[in-house]
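Enquirer: Sequence:
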Amino acid sequence: MRAVRVSWPARAGSATAVAVLAVGGLLASAGAASAVAGHGQAKLPTTLRISNKLVARHHHHASSVTGVLDSRRKPVAGETVTLEGRAGKHKKWVVVGTSTTDSKGSVTFTIGLPTKTAQAELVFAGDSTYRKSHSNVITLKK
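In our numbering, the protein residues as written are 1114 to 1255.
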């Protein structure tokens, strides 16, 4: 961390403000509010897992891709997760769909069977509280 030079009058003014807040009982409230907002806090790590299975629906087959987003083994709810895919010799990932995690940190995507062997992964972009993460890559057979 780099030291910042602050003038004596500025330090005296800050000290006075802290004293006034402490006497008024507001210092603890201000500290709690900034901790809740994540100001100056490190982002929490996340883990994103992926799996898939074949789903039969009225004579049509599809593939269900599911994922779970968690942080320190606790589910992360209400976050947007993107399903990305690529097929054949294409190396560029394309967005197949997006979904929001439920209360258990789970997301599910139902996609048609690929016409050629394809790969899929889940991506969480992160936010002000959580770090971004990618799942492992799975292969979807035609």
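By construction, these hints were calculated from the structure, which means they are not laboratory data. Hints may contain errors.
Within a straight-line C-alpha distance of at most 35 Å, the following computed DSBU-like cross-link-like pairs (lysine-lysine) qualify [stated by the list, open to error]:
no.: 1; residue 1: K1229; residue 2: K1217
no.: 2; residue 1: K1255; residue 2: K1202
no.: 3; residue 1: K1255; residue 2: K1166
no.: 4; residue 1: K1204; residue 2: K1217
no.: 5; residue 1: K1254; residue 2: K1217
no.: 6; residue 1: K1255; residue 2: K1205
no.: 7; residue 1: K1204; residue 2: K1156
Ranges of calculated distance between the beta carbons of each label pair, as one might list FRET restraints [unchecked claim]:
no.: 8; residue 1: R1185; residue 2: T1223; range: 16 to 22 Å
no.: 9; residue 1: P1158; residue 2: Q1232; range: 20 to 26 Å
no.: 10; residue 1: Q1154; residue 2: K1202; range: 41 to 47 Å
no.: 11; residue 1: R1162; residue 2: G1201; range: 31 to 37 Å
no.: 12; residue 1: T1228; residue 2: S1164; range: 19 to 25 Å
no.: 13; residue 1: W1206; residue 2: Q1154; range: 26 to 32 Å
Glycine included, C-beta positions come from ideal geometry on N, C-alpha and C.
Enquirer: Go through the numbered hints given earlier and state which of them the structure violates, listing their numbers in rising order.
Expert: 8, 11
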